[in-house]
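What follows is the residue order along each chain.
There are 2 protein chains.
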Amino acid sequence: MSRVYNFSAGPAAIPDSVLERIRNDIPDWNGAGMSVMEVSHRSARFVEVVEKAEQDLRELLELPDNYSVLFPQGGATMQFAMVPLNLSADGDMVDYVLTGSWSRKAIAEAGRYCNVNIVADSSDRNLTYVPAEGTWQRSDKAAYLHYCANETIGGVEFPFVPDAGDKPLVSDMSSTILSRPLDVSKFGVIYAGAQKNIGPAGITLVIIRKDLLGRARAITPGLLDYATYDNSSSMSNTPPCFTWYVASLVFEDLKVQGGLKVVAERNRSKAARLYEAIDESGFFSNPVQKDCRSWMNVPFTLREPLLDAEFLSQAELAGLANLKGHRSVGGMRASIYNAMPESGIDALIDFMQEFERTHG
Amino acid sequence: MSRVYNFSAGPAAIPDSVLERIRNDIPDWNGAGMSVMEVSHRSARFVEVVEKAEQDLRELLELPDNYSVLFPQGGATMQFAMVPLNLSADGDMVDYVLTGSWSRKAIAEAGRYCNVNIVADSSDRNLTYVPAEGTWQRSDKAAYLHYCANETIGGVEFPFVPDAGDKPLVSDMSSTILSRPLDVSKFGVIYAGAQKNIGPAGITLVIIRKDLLGRARAITPGLLDYATYDNSSSMSNTPPCFTWYVASLVFEDLKVQGGLKVVAERNRSKAARLYEAIDESGFFSNPVQKDCRSWMNVPFTLREPLLDAEFLSQAELAGLANLKGHRSVGGMRASIYNAMPESGIDALIDFMQEFERTHG
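First to last, the protein sequences are chains F and A.
If you use the working numbering, the first sequence closes out at 360, no skipped numbers anywhere.
If you use the working numbering, the second sequence closes out at 720, no skipped numbers anywhere.
Just so you know, these hints were derived from the structure itself, not from any lab.
A portion of the hints provided could be inaccurate.
Computed Cβ-Cβ distance ranges for the label pairs, DEER-style [stated by the list, open to error]:
no.	chain 1	residue 1	chain 2	residue 2	range
1	F	His359	A	Arg575	49 to 57 Å
2	F	Ala44	A	Ser688	40 to 48 Å
3	F	Phe160	A	Asp425	51 to 59 Å
Even for Gly, the Cβ is constructed at its ideal location relative to N, Cα and C.
Extracted from the complex, chain F is given alone in its bound form:
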């Protein structure tokens, strides 16, 4: 075996210790005589897994009792439709903050069902910052306020939790969930695709305040109604069992590491060191306003874009994989989710400094 440092934005790295457990559970999971992929979702063994997963997640995030935890399929993109279908009525106004590619996609899908009011838009400066909350143009009639807490492509992170007043606050936290403690009580709905900080792609985490359940429009498919999941422990039909099981191992692993305060301190330090290396170099640069820089996704460009291909190929040879930036912004991007160890940051910084020395 030869593992590399995987800087992919998602599907992203999974902790080695979790992979080891997955491997050991194939083809016989704890004496079941079968792998987790083959176990009935209604079996006592599997129900125990998902109950523990929810309990561990509740402890990690210190979830208040008036919040439900749901596990639908379809990733954050399916949530772009589920949010308006469940939280608004036909013709309602809804407030969205536009700070990057993912909030733009959420806005487009909401536009199918609602009148979308864009309260703030950072495209005037190429989606590199979060507009100050005082400048937002909100609608009095909005059914909810939606924002993307961390834009994976631009590497822009909200440095504050918006104040939605008495409206439900809805957040796409796909690439920031579980990176640090979170005051969930400020939110109506939090959702996250799994493939960054939770597990393999194919399952979605939704945390919803219980009073927001049961409001889906009549046209909502059964599997797009949050209440369907709440009423069935997310098992109204066969769930993505294996993916859910991996998520349960990741939650347990985070607890073993000491919980989200410990994880947050490591993530803060990892990001700070990488941004410092970028800022101190005359060769690499990050375009994001400093107070909005993501802890999870660090885009950077080379002074000489003609060297991009060589940078990437040498990085691959050095065991630093998937550093290519998103095609919409170019350059590089280092996604450094929870599973990226500090040694991976060291290796990347060393490589960047050596590259600058030989090519700068």
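With the hints as your guide, set chain A onto chain F.
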């Protein structure tokens, strides 16, 4: 390791050879330095997997060129909504055949969007047969005809492919797909949840005639529009990569076995031997009309239901797992999908005969 014979209706057994490959690919997949769970869906390595998966599936089913292969999430239950949203307009009439629990659920979901005409209904005889096609009451105006080719709970299988005339024929083949060759050209849409004959739960196979794409209603969420998948090779957002990869291994394994004719002959023989053992005993019985008995799901009851619990516990001890019937029908059910070897049928028949001898 101690593997059992797993008679679960789904999630169901996966071939040992496939599990071995999965295990070997963790944590380093073919020198990628990471597992399949961690690989970008846009990477050349992963794209190669899914292109080969489609090619293998096309060969197995001899798919005509005017059909697209799509891999959405949400299982057959999501298809219960996607079919009417994509193939009918508001207020349209649609034809459905009612032969069991799954067609009943499909009918309920379609009723959200259409006027459902039930062309035939076998609940007069407890969902144990398929009404003869000549007796069906079709609607001239129906947008399509829908049926469930194999009812997993009742163990009732269509012994014929219905003639839908010039209307699209739509079939839920979750528990029969890939069990034998199929003339796809008779169908408009075929769909199947993965967790029986394809792989782990969390991915869905949809085969659709291309002229039926691009007709989704305006209220259809982007991820519930078949065209979204067709336009993006099922990668408009992050797909369930690991599950898709396992499906690719299963397709390859079926080809190695000799294709669907070979698989069909084994499945026919497995089912025939089990039904024969049931019919010849005075102790076990199967309620399904003989020409509609499923090759994949064999429900049976004991003459003395008070012995059910003992039968199940002794079966577990004998390495025969998950024989309990669905709670809605009681008794036993042996699901004997492609991955159930003939030795599993032998072991089950031996066990049943011994149980009858000692308890009959």
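So, going through the hints one by one against the coordinates:
1. F/His359 x A/Arg575: 49 to 57 Å: The hinted range 49 to 57 Å holds for F/His359 and A/Arg575, with Cβ atoms some 53 Å apart.
2. F/Ala44 x A/Ser688: 40 to 48 Å: Between F/Ala44 and A/Ser688, where Cβ atoms are some 19 Å apart, the hint is violated.
3. F/Phe160 x A/Asp425: 51 to 59 Å: holds (54 Å)
Violated hint: 2 only; the structure is consistent with all others.
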